[in-house]
Amino acid sequence: MSAMNDWAGRYRAPLYILRRLLSAIPTLLAVLTVIFFAIRTLPGDPALAILGDTATDAAIAGLREKLGLNLPVWRQYLNFLTGLLHGDLGTSLVYGRGVLSELLRVLPYTLALTMASILIGTLIGVPLGIISALHRNRFIDYVTRVLSLLGFSFPVFYAGIMLILMFSVWLPWFPVISSTSGSFGDAVHGLVLPAVAGSLGLIAMITRASRSSLLEVMGDDYIRTARAKGLPEKTVLYRHALRNALIPVVTVIGLYFALIIGNSVLIETVFTRPGLGSLIIGSLDNRDYPMVQGLLVAYAAIVIVVNLLTDLTYSVIDPRIGQS
Amino acid sequence: MSATSASSGGLVQTFNRNKLSWVGIVLFMVLCLIAIFAPFVAPYGPIDQSVMTRMRPPSMEHLFGTDAFGRDQFSRAVYGARISLSVGVVSVFLGMSVGGLLGVLAGYFGKRIDTVIMRSMDVLLSFPTLITGIVIVALLGPSLTNVIVAITVTLIPKFARIARAPTLAVKERAYIEACRAMGFSHARIILFHIVPNILTEILVMASLWTANAIMIEAGFAFLGLGVRPPTPTWGGMIREGFEHIFQAPWMSIFPGLCILLAVLSLNLIGDGLRDALDPRLKQVRDMG
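Chains A and B supply the protein sequences, listed in that same order. With the numbering used here applied, the first sequence closes on residue 324, and no number is skipped along the way. With the numbering used here applied, the second sequence closes on residue 612, and no number is skipped along the way.
Honestly, I wouldn't trust all of these hints.
To be verified - The following label-pair restraints were derived from C-beta to C-beta distances: (1) S410/B x T33/A: 49 to 59 Å; (2) T54/A x G465/B: 18 to 28 Å; (3) G87/A x V375/B: 53 to 63 Å; (4) S509/B x D221/A: 23 to 33 Å; (5) M379/B x K234/A: 52 to 62 Å.
Just so you know, the hints here were simulated from the structure itself, not pulled from any lab data. Glycine is no exception: its CB is placed at the ideal position from the N, C-alpha and C atoms.
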């Protein structure tokens, strides 16, 4: 009996990870199915869209044959899934290139934007939350709370436009159009305003989460013990309280990831940046359905993977998670 | 998440003590009144053009300035409130009704019904909110109804999740057992004994998500996926203003402030409600 418990104890974390990985598979399959059928209900004939109105019937029929559009739907569905397994997302109607290669070309821009927003959000949000908690119900706490409410309420594209107005038009510090060519320095320079615009909501969220979580932790028994031992307040705060208080921040970032990735549509439009967001807007305009389909697969994959990673990080930081 | 433990008396008292939530309520009411009485508030027609007054900066005559067609931006913002507020309120109401019901059904019946409903919600949640919305509007075509449909669809899974958790807790209570023993129908138990007990939690989220819905609607309009011009919307006004950001920055500044005020007022109300409901809920806020 105790051997059983030992076994269960030792393999609890890996088992939890495995179970969590397996549970993502049916969701992923359902997501792919929804994407496939949603794209097929979009109006318009892809063959006609590629060839234009002047194409002959024979040419359209020929292309339909080539694209596999004459096959029964279940066959097309199977082809879609097997294609995915081979890393084949189809061919873009507009670029004439593989959807995957176009996706991989713009993905780094969106990821850079997202990561930079998260970095700014954490670097500003965590200290603000700590200061706010340490000065609970005093002036500085009050100011921080009002500011974070404002941060929540700022539409991301409006924030972007106001940043352009202030730091590109009135003060010519940053470029209006976010540069993606040129040196690394130029790229970082061009990334500042978009990333700040994307981080406002996150700063607010992280400030709140770290404030309330620190306040909660500071009331816990082990903090009282640490204080009773005569440890200096700084040690109590940095060695004991903060480490535990920051766990919820990880969850907040994980939850927020999908939002930032989605918001990149707006930020990339405001700053004329390449990325997943501007690609999906362009592809919807051009009725480039294979591209839209590929982008939806990419978005879903990113969200599912990030959710998985958040859960797993959480279970590593707090081993109690996997037990239930 | 024990929302039901907060008695309604305590709830109102805590809410009353929070002055900022009252600021939110007053602000939101004023915006609603402006939207309702738009024809009386707006000094000019929202689509009246005037060649003589193109791109004028803000003045006593034109509080928010004028746009490239000489239209009064203040009047357009006043009428724009109608679209933003109605999209926000209607889509949240629909999302709350459908999503809330699905969540309650999942929690109440459990087993296979629970699995089917919640797995479908997981599928919807696997895309960023804005992306789901954009694709739906593109699929159906840009119009007021389709914007509402798109936002409703993105809200349904969030309300389902919020409604399911407290349903699981409430259905284990003794009085639900008693209802069953008395032979009440499932519909009667759900409608009269479960829903009233989880309503407060759902309403808190509803106020916060109305704020989000307004931001999403503005985002759609900014991307050109909203209500067709020349009907004024705040997001659409920013879209037009952004093209003239160098010459006429006021064209983007003021409509954005309107969105900010509307969203802020709802967030203030939502925060007040949440604090009153359960202080521990403070950090829980669904996003994405």
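Unsatisfied constraints (hint numbers, rising): 1, 4
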